[in-house]
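Put chain B on the given structure of chain A with help from the hints.
These protein sequence lines map, in sequence, to chains A and B.
Going by the working numbering, the first residue of the first sequence is number 34, and it counts up by one from there.
Going by the working numbering, the first residue of the second sequence is number 34, and it counts up by one from there.
Hints are computed from structural coordinates only; laboratory data are not their basis.
Treat the hints with care, since some could be wrong.
[Stated by the list, open to error] Okay, the calculated bits of chain A under chain B, using three or more residues with CB under 8 Å as the criterion:
#: 1; segment: 64 to 75
#: 2; segment: 78 to 92
#: 3; segment: 132 to 143
#: 4; segment: 159 to 166
[To be verified] If you anchor each label on the Cβ, the simulated ranges turn out as follows:
#: 5; chain 1: A; residue 1: Lys-291; chain 2: B; residue 2: Lys-136; range: 38 to 44 Å
#: 6; chain 1: A; residue 1: Glu-165; chain 2: B; residue 2: Ala-303; range: 40 to 46 Å
#: 7; chain 1: B; residue 1: Lys-310; chain 2: A; residue 2: Glu-165; range: 26 to 32 Å
#: 8; chain 1: B; residue 1: Arg-168; chain 2: A; residue 2: Lys-56; range: 44 to 50 Å
#: 9; chain 1: B; residue 1: Ala-161; chain 2: A; residue 2: Ala-303; range: 18 to 24 Å
#: 10; chain 1: B; residue 1: Arg-268; chain 2: A; residue 2: Asn-156; range: 15 to 21 Å
Yeah, the Cβ is synthetic: ideal placement off N, Cα and C, and Gly gets one too.
Protein chains: 2
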Amino acid sequence: MKLAVVGVGLIGGSFALALKQAKLATQVVGVGRNAANLKLALERGAIDSIAPDPATAARGADLILVATPVAQFPSVFASLADAKAVITDGGSTKRDVIAAARKALGKKVAQFVPAHPIAGAENSGVGAASAELFRNRRVVLTPLRENSKPDIAKVEAAWSACGARVSRMDPEEHDAVLATVSHLPHVLAYALVHGVAKRNNSEQLFSFAAGGFRDFTRIASSHPEMWRDICLANRDRVLQELKSYANELGSIRKLIQKGDAAGLEKVFAAAREARNKWIRSS
Amino acid sequence: MKLAVVGVGLIGGSFALALKQAKLATQVVGVGRNAANLKLALERGAIDSIAPDPATAARGADLILVATPVAQFPSVFASLADAKAVITDGGSTKRDVIAAARKALGKKVAQFVPAHPIAGAENSGVGAASAELFRNRRVVLTPLRENSKPDIAKVEAAWSACGARVSRMDPEEHDAVLATVSHLPHVLAYALVHGVAKRNNSEQLFSFAAGGFRDFTRIASSHPEMWRDICLANRDRVLQELKSYANELGSIRKLIQKGDAAGLEKVFAAAREARNKWIRSS
Numbered sequence: 034m035k036l037a038v039v040g041v042g043l044i045g046g047s048f049a050l051a052l053k054q055a056k057l058a059t060q061v062v063g064v065g066r067n068a069a070n071l072k073l074a075l076e077r078g079a080i081d082s083i084a085p086d087p088a089t090a091a092r093g094a095d096l097i098l099v100a101t102p103v104a105q106f107p108s109v110f111a112s113l114a115d116a117k118a119v120i121t122d123g124g125s126t127k128r129d130v131i132a133a134a135r136k137a138l139g140k141k142v143a144q145f146v147p148a149h150p151i152a153g154a155e156n157s158g159v160g161a162a163s164a165e166l167f168r169n170r171r172v173v174l175t176p177l178r179e180n181s182k183p184d185i186a187k188v189e190a191a192w193s194a195c196g197a198r199v200s201r202m203d204p205e206e207h208d209a210v211l212a213t214v215s216h217l218p219h220v221l222a223y224a225l226v227h228g229v230a231k232r233n234n235s236e237q238l239f240s241f242a243a244g245g246f247r248d249f250t251r252i253a254s255s256h257p258e259m260w261r262d263i264c265l266a267n268r269d270r271v272l273q274e275l276k277s278y279a280n281e282l283g284s285i286r287k288l289i290q291k292g293d294a295a296g297l298e299k300v301f302a303a304a305r306e307a308r309n310k311w312i313r314s315s
Numbered sequence: 034m035k036l037a038v039v040g041v042g043l044i045g046g047s048f049a050l051a052l053k054q055a056k057l058a059t060q061v062v063g064v065g066r067n068a069a070n071l072k073l074a075l076e077r078g079a080i081d082s083i084a085p086d087p088a089t090a091a092r093g094a095d096l097i098l099v100a101t102p103v104a105q106f107p108s109v110f111a112s113l114a115d116a117k118a119v120i121t122d123g124g125s126t127k128r129d130v131i132a133a134a135r136k137a138l139g140k141k142v143a144q145f146v147p148a149h150p151i152a153g154a155e156n157s158g159v160g161a162a163s164a165e166l167f168r169n170r171r172v173v174l175t176p177l178r179e180n181s182k183p184d185i186a187k188v189e190a191a192w193s194a195c196g197a198r199v200s201r202m203d204p205e206e207h208d209a210v211l212a213t214v215s216h217l218p219h220v221l222a223y224a225l226v227h228g229v230a231k232r233n234n235s236e237q238l239f240s241f242a243a244g245g246f247r248d249f250t251r252i253a254s255s256h257p258e259m260w261r262d263i264c265l266a267n268r269d270r271v272l273q274e275l276k277s278y279a280n281e282l283g284s285i286r287k288l289i290q291k292g293d294a295a296g297l298e299k300v301f302a303a304a305r306e307a308r309n310k311w312i313r314s315s
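Chain A extracted, bound-state conformation (with noise of 0.2 Å):
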């Protein structure tokens, strides 16, 4: 099989790396805006040749991966009109993904099957690449009605094939889910790290920040083009996850202020007996 990467970075090169792996793809050209990138891409062996734009890369491919930050697929679809391949994607979030592709590619949309893998790191680039990125992680297709069964199942061989645990969801669904549990952590961690890194006195308060403190943000080291294209994306869902979580966050401080000490408890300790129960089934 014949792979085209659009992308070549976390995710893009992961996906190579594990379908070479796994024998599935025989050669990977890949098409990139960083060309010291792209030249890491071909040393590491996540790609074999570069192309200068998707419809050079898509033509001869069996399979197109579309992985450039969500801001880019317009452009990437509109080049890849008259692509004879199967495409499917990498983004984070699918309603904005799918306008996209139906926009350019019109009728020939039946070829995209939409994917998400809910796999990262807070490192990008294709030296953060890994064959085994999406091992035992969980991909979701959000397949189009247009799809054609073989389409929607060699997309989800593909996945398949990288390790991941392939589950499909309904497009609106899968916006809705990924505001709650991703879009709006990452949200929340880069604004502690933001309110933090403002003020007079940060380096002080940095130097006093444990462990805790260091989980709590590390996705606020994720790519921020990245992020920042996720949230407008998915703005209405983004903004009625903070609103929501404004809601939440305003209860306790009511709490505090009241010195409700019973009450307080209660939230913590629902909370902690509610992570502590995923992580045991996780």
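Just chain B now, with coordinates in the frame of chain A:
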């Protein structure tokens, strides 16, 4: 040296184990509310005997560590009103602890050298204790004007023997700094998990939560009673931090609402840069 530990949990148990390992404490007596936990402390060798109350434990002790949740400090200090030993503590807040000590100990507050070991874990109880818990961690002393130099030196030597990096700070400053880098993040993590747990589709939501959510919420598995006490003991500072965080979040919400991509990326990039700089230097 004979050591008395009031509250033989994660902090108290680790202090005892570390001072025994350093051959600084030859005998440790423990006091606690939970008989099973005290039995485990004996089995683990953290303590050598059990006393029924702080006053009894203090008899003949050279050093007393108070390491209960902070809400119990007033009654513990009252029980230590006749103690002859130097007293230190493991409380995460310092203004309230010092006020409680002054009230209960009167002139004998001179024997109390307040300390905050900035080390912890989401697990609690002596089962999670370790002689290595404080190694390379910060311990902040907030000495009182009444403390004698030898008493401060004795407490500093004990924490240093645990492998900690000991520094000194004003209690006001301590509570402000810790509210920002520790108390606030704990409240934020509890709020996120609580907000998810109470939804109808919480099971689905948790099942799509990944590594980012896990690390972000690790501190939401912390001891609910301990964090209830900290939030109430440091109420003014925690409320101030919640307000400042709500403002920060409000600014980000506005950027998302306006679709201000450049502004959003600027905030995220500044946060990432600040965090990465801190991680590199720590």
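Indices of hints not satisfied (ascending): 1, 2, 3, 4, 5, 6 and 10
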